[in-house]
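Going down the list, the protein sequences come from chains W and F.
Per our numbering, the very first residue in the first sequence carries number 32; after that it's consecutive.
Per our numbering, the very first residue in the second sequence carries number 10; after that it's consecutive.
Everything labelled a hint here was simulated from the structure, so no lab data went into it.
Some hints here could point you the wrong way.
Stated by the list, open to error - Covered by chain W, according to a simulated footprint, are these stretches of chain F (three or more residues, beta-carbon under 8 Å):
1) 363–370
2) 376–382
3) 447–459
Quick reminder that beta carbons are idealized off the backbone N, C-alpha and C, glycines included.
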Amino acid sequence: MSNTRRRAANIMHTKIIWPLTALAAILLFNLFFVPGFFHMEIKDGHLFGSLIDILNRAAPIMVIAIGMTLVIAKEGIDISVGSVLAIAGAVAISLIGVVPLWMAIGAALIVGALCGLWNGVLIAYLGIQPMVGTLILMTVGRGIAQLITEGKVLTTDSKSYGFIGKGFFLGLPFSIFIAAFVFLLVLYLKKRTALGLFLEATGTNKVSSEYAGVEPRKIYLFVYIVCGLCAAIAGLLVSSNISSADANNAGLWIELDAILAVVIGGTSMRGGRFFLAGTVIGALFIQSLTTTIYSMGVPPERIMVVKAIVVIIVSLMQSDRFRQMFQQKSKKAVIG
Amino acid sequence: MRSGDVLLKMEEVSKTFPGVKALSDVNFTLRQGEVHALMGENGAGKSTLIKVLTGVHPMDQGKVYLNGRPIVARSPLEAQHLGISTVYQEINLCTNLSVAENLYIGRLPRRRGAIDWKKMHADSEQLLRRLNLNLDVKKSLSDYSVAIQQMVAIARAVDMSSGVLILDEPTSSLDAQEVQQLFAVMRKLRDEGMGIVFVTHFLDQVYEITDRITILRNGSLVGEYETSKLSKSSLVTHMIGREWKEEDEHRKTESSYTPEVVMAAKSLTRAGSIKPVSLSVRKGEVVGLAGLLGSGRSEFANLIFGIDQADSGVMTLGAEQFQSMNPKKAIRQGIGFCPEDRKIAGIVGELTIRENIVLALQAKKGIFNYIPLKKQQEIAQRFIDLLRIKTPSMEQRIDNLSGGNQQKVILARWLATEPKLLILDEPTRGIDVGSKGEIRRLILDLAKSGLSILIISSELQEMIECADRIVVLRDRMQVGEISGGDMNEASIMKMIAEGGGTSEQYPQTGS
Ligand SMILES: Nc1ncnc2c1ncn2[C@@H]1O[C@H](COP(=O)(O)OP(=O)(O)OP(=O)(O)O)[C@@H](O)[C@H]1O
Ligand SMILES: [Mg+2]
Chain W
32 MSNTRRRAAN IMHTKIIWPL TALAAILLFN LFFVPGFFHM EIKDGHLFGS LIDILNRAAP
92 IMVIAIGMTL VIAKEGIDIS VGSVLAIAGA VAISLIGVVP LWMAIGAALI VGALCGLWNG
152 VLIAYLGIQP MVGTLILMTV GRGIAQLITE GKVLTTDSKS YGFIGKGFFL GLPFSIFIAA
212 FVFLLVLYLK KRTALGLFLE ATGTNKVSSE YAGVEPRKIY LFVYIVCGLC AAIAGLLVSS
272 NISSADANNA GLWIELDAIL AVVIGGTSMR GGRFFLAGTV IGALFIQSLT TTIYSMGVPP
332 ERIMVVKAIV VIIVSLMQSD RFRQMFQQKS KKAVIG
Chain F
10 MRSGDVLLKM EEVSKTFPGV KALSDVNFTL RQGEVHALMG ENGAGKSTLI KVLTGVHPMD
70 QGKVYLNGRP IVARSPLEAQ HLGISTVYQE INLCTNLSVA ENLYIGRLPR RRGAIDWKKM
130 HADSEQLLRR LNLNLDVKKS LSDYSVAIQQ MVAIARAVDM SSGVLILDEP TSSLDAQEVQ
190 QLFAVMRKLR DEGMGIVFVT HFLDQVYEIT DRITILRNGS LVGEYETSKL SKSSLVTHMI
250 GREWKEEDEH RKTESSYTPE VVMAAKSLTR AGSIKPVSLS VRKGEVVGLA GLLGSGRSEF
310 ANLIFGIDQA DSGVMTLGAE QFQSMNPKKA IRQGIGFCPE DRKIAGIVGE LTIRENIVLA
370 LQAKKGIFNY IPLKKQQEIA QRFIDLLRIK TPSMEQRIDN LSGGNQQKVI LARWLATEPK
430 LLILDEPTRG IDVGSKGEIR RLILDLAKSG LSILIISSEL QEMIECADRI VVLRDRMQVG
490 EISGGDMNEA SIMKMIAEGG GTSEQYPQTG S
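Whenever a hint applies, use it, and build me the whole structure from the sequences.
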């Protein structure tokens, strides 16, 4: 038995090794080329420094990427998360001062879940392609957020709300604890309920799963709701961090970072097996990369290009087929 | 070159998968103008030998000669160009494309750069006529049954072949008539000088069509024999490695059912799929459903299990009546359903054997009632032992198993739910001779302990040996019932044939 467990561990190992290597590489790069990157100091009992900054900024990507992992595991995709993030932020900030804080937060989360429900119904019950189905909310969502903020950038001076995205707890940014909580919760769902099994089964072979009594549509609906909820949580983090809600720019392009984090983390876009820890590392990597590029002073117009190149390399390393091709080539080279 | 000359030679071929030595130093020789059977138990290495030959997997070691020249095929396409056409066990067709497109994919006829649809459709029809198939070639392949899909795959391979044709269990979902059509084509190709490799678990077919037999056991070569000089019992003895005698006609002797009705279907109907069927199954009873392909057997099973919804009719399970059904509800009510099409509706390829086995049980228990890993392992191990599933570990992905072993895993999945009524649609498809007997005995034992079984099998003999009663369907209609001593192949075939009225020869499945 220990044998099989070791083998299972090995598989995990190979999947998570690439995002870990990538993360290590980027940190190593910083060690040599970005002076003061690892510098950390304690101010008012809180840790400060680039690393902490990365953790803090990675939190929203992580939370969204965790939701995205579930959606991708079922062979879907959700490109509306950026818009949902903006809506949730707008809802929360516009309600602060009008209703008690917990209600504002609760409302934002409920709106996020409803957005997920909308996506889920379109995709699971009306049979619309995930990309197209979530495109609707992606485009309309910003408009909805605009309506809520009445076209302005809403701000708040609530200290308690600011704590969510800016505060420190036990010396670390509070947002990290939120991300960790989401991670553990979803991990619990995966490992201690049959959600993991059912999701991986439907993502691999929907027909077989249905014959075995799994209800794919309910699973789909559930994962889109979770993804909407995650986007809303990220919306709270982002809007709280800057104490304002910007309907146009909050969470812009975050869906791309999240999808990349998932893929780098080892989950295939074709659905099936999913790796939550891989996703978290993937998100950390993406944020480290972004921060590094900024601190290197790469001109803004080239940032996307540099990012794209690095991401392509890591994704290729994650692909079994590419690695096989590579290995065969090198083997041949040795023999020849 | 003449008939009898060596066409293809494989020497000292070895292949190892993680944890499994699938082939060790296997030699294989194919001559011109022969049909050569490749035999062995489930997991013996037959498909692997074919896959390393045709470049699906690289071989660890070994040489291949075609017409005396060494060759290496690095992909099925390369093998194809060398003149080796293959129909793999797990057919790979694009079911969302049309029949014609599937026949000509990768070699679409063109005229002035554009695809010549007219020619393609005409050629397709002609090609299929060689196999006596009359299909609407513009229709999507998914509109047709597994059997037809298999015939289409064969037609494609036959058309492209030059020299060597390999058929890995091509007849597993064909009925007797289609098998004969396939054999007619094979004989013609053989007489034209082609070498044909034929894998099957149907011994009768081996003796009917093949000239030579090569036997593998546990990845090693046992030997090559002339079919006419090898008796059935020594063939099987070589395959399983211990003495084997053809079992006596062991017709179910004692019936063990009680009067208690477990499931009663009353006039279940679905437009375009099946006309009203009424059927009840008692506790511990084994009921067979006989009929030709497309007669409505699987369609009826789909209604009971709620894969398809009945337009009218009622189903009674125990004391409860149901107008509509769905798989989850059916499982909760104690029904299990082992579907016909293993690849599409059975296995969940990326998941492990353990996960595949517990899937339906977990669905029965519900998402929050998680079966602890320990318990899952216990269940999986129990069925791996019971059904002798050949695998290095229960954590192996199911799609790494041989075809027959995959089938056993799906059986295990349903047995694990401890059903009251088990519907088995072609349960022994692709399962080797030895295991077939074991599964048959298992079915009888289960029935004795009170499980009711509804069995569908193209192998009438198998059904006769298990069933207390056989219901015959024809043209999507219930035409009669035979039970007890009246059950024999002749009486069933007669009932299938009678009933008047002709219909399209190849009705489509579904609606
Ligand atoms: N891709 C793979 N990865 C790992 N193991 C494999 C793979 N393919 C086959 N095997 C193993 O190799 C052995 C031989 O399998 P193979 O499919 O050749 O059997 P077979 O003789 O065709 O059996 P069947 O009659 O059931 O089709 C089996 O033990 C199987 O589990
Ligand atoms: Mg095989």
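For this session: List in ascending order the numbers of the hints, as given earlier, that are violated by the structure.
Result: 3
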